[in-house]
Amino acid sequence: MDPTTRPATFTDGMKAVSPLILGIAPFGLIFGVTAIASNVNHWAAWASSFIVFAGASQIAIVDVLDGGGAAVVALLTAIVINARHLMYSADMGRYTASDRWRSKVPMAYLLTDQAYLVTAHRFPSPLERNGFLPFYFGAGVSLWTTWQISTSAGMVLGAAIPESWSLGFAIPLTFMALLVLAIKDKPGLTAAIVGGSVAVMGVGLPYSLGLLVGAAAGVVAGMASERWFA
Amino acid sequence: MTAWVVVILAGIATFAMRFSFIALFGRVDVPPTMERALRYVAPAVLAAITLPAILAPGAVFDPWNAFLPAAIVGGLAAWRTKSIGAAILVGLPALWLLTWLIDSVLA
Chain A
68 MDPTTRPATF
78 TDGMKAVSPL
88 ILGIAPFGLI
98 FGVTAIASNV
108 NHWAAWASSF
118 IVFAGASQIA
128 IVDVLDGGGA
138 AVVALLTAIV
148 INARHLMYSA
158 DMGRYTASDR
168 WRSKVPMAYL
178 LTDQAYLVTA
188 HRFPSPLERN
198 GFLPFYFGAG
208 VSLWTTWQIS
218 TSAGMVLGAA
228 IPESWSLGFA
238 IPLTFMALLV
248 LAIKDKPGLT
258 AAIVGGSVAV
268 MGVGLPYSLG
278 LLVGAAAGVV
288 AGMASERWFA
Chain B
176 MTAWVVVILA
186 GIATFAMRFS
196 FIALFGRVDV
206 PPTMERALRY
216 VAPAVLAAIT
226 LPAILAPGAV
236 FDPWNAFLPA
246 AIVGGLAAWR
256 TKSIGAAILV
266 GLPALWLLTW
276 LIDSVLA
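Protein chains in written order, with the working numbering: chain A, 68 to 297; chain B, 176 to 282.
Among the clues, some could well be false.
Here are some chain B residues the structure puts well away from chain A; computed CB gaps all over 10 Å [stated by the list, open to error]:
| # | residue |
| --- | --- |
| 1 | T177 |
| 2 | L184 |
| 3 | F236 |
| 4 | L276 |
| 5 | L281 |
A partial selection of chain B residues facing chain A, derived with a Cβ cut-off under 8 Å [as the list claims (entries may be wrong)]:
| # | residue |
| --- | --- |
| 6 | F196 |
| 7 | P268 |
| 8 | L273 |
In short, the hints are calculated from the structure, not lab data. Positions of the beta carbon are idealized from the N, C-alpha and C atoms, including for glycine.
Whenever a hint applies, use it, and build me the whole structure from the sequences.
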């Protein structure tokens with residue numbers, strides 16, 4: 068049968084995310100390695116992989132707390148980083164209107180950049196959702212399992228890696244890469260330049276507040292700049 | 176203790192955001208202003224994390240540190256390959272090379 072007309076399966080979802088797994092596993096290892104090198108409670112950092120289950124925010128929590136930032140700033144930073152899930156939720160909500168709560172709750176828990184991207188790609192319209200749930204859970208469960216294994220492995224291996232390798236630098240490198248991939252247009256670039264510059268000027272502020280002030284300034288600048296680039 | 180509180184609250188907040196519109200049966204659209212703002216959250220917050228780390232390591236402005244060129248090289252690698260792993264595979268060796276050069280050649 069034509070693969071576009073037969074119902075999608077759990078295995079189809081697993082196959083669709085498999086190329087992305089190659090990017091997730093090293094990211095998970097890095098999180099584990101840096102978490103174990105930090106002075107943040109190691110069990111809490113480990114548990115964040117299934118409690119929060121969102122890589123960039125988990126790294127940010129460890130980074131802010133390790134740098135002596137306030138707990139409130141660490142929490143707000145994680146929330147701001149994860150705010151994009153509101154967009155994915157809004158889009159996936161169009162597909163799941165008729166599903167049961169026992170599907171919707173685990174669906175929401177497994178909602179990540181990668182699970183959303185491959186599912187939205189495979190199902191371009193909510194009207195055509197033949198095998199939607201099996202496909203989504205195939206992608207989501209693969210990603211979840213990869214994340215748990217790679218972050219745990221990173222924490223086990225991390226203890227054996229010498230300080231002189233400067234592996235802590237992997238955190239800014241990871242964020243640099245996420246930043247480069249997040250800039251999609253000129254207003255986005257404006258948001259990044261303003262957000263970054265304000266945060267650099269605010270490095271002396273207590274509790275790592277410069278981060279949040281910079282982020283807020285960047286969002287406002289991005290929105291304001293739309294009219295100049297339109 | 177602090178870390179546990181942050182992780183648990185971040186987990187609850189993140190789940191709430193993931194569940195939000197799914198729970199609303201998909202009948203409620205994202206308000207347009209919120210949709211516009213959300214578009215710039217990622218570049219703004221990621222830059223606010225990255226730039227201080229490479230321009231002001233140790234919370235002091237210092238544009239002549241080895242992290243900056245290494246991060247630029249890593250960023251270029253990510254841009255060319257669309258991969259986070261590439262940034263680490265290129266950026267870390269770049270840092271090792273730079274620190275080795277500074278220590279052995281310039282010293």
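Do the hints match the structure? See the list:
The beta carbon of T177 of chain B is not kept farther than 10 Å from every beta carbon of chain A, the shortest such distance being approximately 5 Å. Annotated as non-interface, L184 of chain B brings its C-beta within 10 Å of a C-beta of chain A; the closest such distance is 5 Å. Some Cβ of chain A comes within 10 Å of the Cβ of F236 of chain B; the nearest lies about 7 Å off, and the non-interface call is violated. No beta-carbon of chain A is positioned within 10 Å of the beta-carbon of L276 of chain B; the least distance is around 14 Å.
No beta-carbon of chain A comes within 10 Å of the beta-carbon of L281 of chain B; the shortest separation is about 18 Å. With a cut of 8 Å, the hint placing F196 of chain B at the interface with chain A holds, because the nearest CB-to-CB distance is about 4 Å. The beta carbon of P268 of chain B comes no nearer than 10 Å to any beta carbon in chain A, farther than 8 Å, and the hint placing it at the interface is violated. The closest approach between the C-beta of L273 of chain B and any C-beta of chain A is roughly 10 Å, which is over the 8 Å cut-off, so the hint fails.
In the structure shown, a violation is registered for the earlier hints numbered 1, 2, 3, 7 and 8, in ascending order.
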